[in-house]
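What the sequence shown shows, in our numbering, is residues 1 to 70, in sequence order.
Rather than coming from a laboratory, the hints here were simulated on the basis of the structure. We treat Cβ as the ideally placed atom computed from N, Cα and C, and that holds for glycine. Certain hints may be false.
[To be verified] Estimated spans, in silico, between C-beta atoms of each pair: (1) Pro16 to Phe44: 27 to 35 angstroms; (2) Thr7 to Arg52: 36 to 44 angstroms; (3) Glu27 to Gly66: 22 to 30 angstroms; (4) Leu8 to Asp65: 31 to 39 angstroms; (5) Arg3 to Leu58: 15 to 23 angstroms; (6) Gln31 to Asp61: 37 to 45 angstroms; (7) Arg64 to Gly23: 42 to 50 angstroms; (8) Arg52 to Leu8: 21 to 29 angstroms; (9) Asp65 to Tyr36: 28 to 36 angstroms.
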Amino acid sequence: TDRRVVTLRSSPAIRPRAEAFFGPYAERMAQTMSAYSPQEIQRFEDFIGRLRSTMDALLADEYRDGGPAE
Numbered sequence: 001t002d003r004r005v006v007t008l009r010s011s012p013a014i015r016p017r018a019e020a021f022f023g024p025y026a027e028r029m030a031q032t033m034s035a036y037s038p039q040e041i042q043r044f045e046d047f048i049g050r051l052r053s054t055m056d057a058l059l060a061d062e063y064r065d066g067g068p069a070e
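Let the hints inform the model, and build the full structure from the sequences given.
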């Protein structure tokens with residue numbers, strides 16, 4: 001399989017445009033997250049991490065022999 005990695009780096013000049021674009025999203029995300037305690041957010045992060053690990057393992061098993069069974 002193809003395992004190439006592409007890394008993009010931005011110049012400092014792009015920062016104002018990036019903040020203008022992403023700023024409203026970040027503000028809304030922060031507003032939503034403020035309703036939850038750090039412990040609740042940590043528990044959610046743990047859940048998402050475990051869910052991802054489970055899905056990665058399932059996909060690895062499924063594709064070990066060349067792909068999903070027909």
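- Query: Do Pro16 and Phe44 keep their Cβ atoms within the hinted range of 27 to 35 angstroms?
  - Reply: At roughly 32 angstroms between Cβ atoms, Phe44 and Pro16 fall inside 27 to 35 angstroms, so the hint holds.
- Message: For the hint 28 to 36 angstroms, verify it against the beta carbon of Asp65 and that of Tyr36.
- Response: Check failed, 42 angstroms falls outside 28 to 36 angstroms.
- Determine whether the Cβ-Cβ distance between Arg64 and Gly23 falls within the hinted range of 42 to 50 angstroms. 44 angstroms, holds
- Query: Between Arg3 and Leu58, does the beta-carbon spacing fit 15 to 23 angstroms?
  - Reply: Holds: the Cβ-Cβ distance is about 20 angstroms, inside 15 to 23 angstroms.
- Message: Between the beta carbons of Leu8 and Asp65, is the distance compatible with 31 to 39 angstroms?
- Response: 35 angstroms, holds
- Between Glu27 and Gly66, does the beta-carbon spacing fit 22 to 30 angstroms? 46 angstroms, violated
- Taking the CB of Gln31 and the CB of Asp61, does the distance hold inside 37 to 45 angstroms? 40 angstroms, holds
- Indicate whether the distance between the beta carbons of Arg52 and Leu8 respects the range 21 to 29 angstroms. At 23 angstroms between Cβs, range holds.
- Query: Holds or violated: 36 to 44 angstroms for the Cβ distance of Thr7 and Arg52?
  - Reply: Given range 36 to 44 angstroms: violated, Cβ gap about 22 angstroms.
Hints 2, 3 and 9, counting from the list given before, are not met by this structure.
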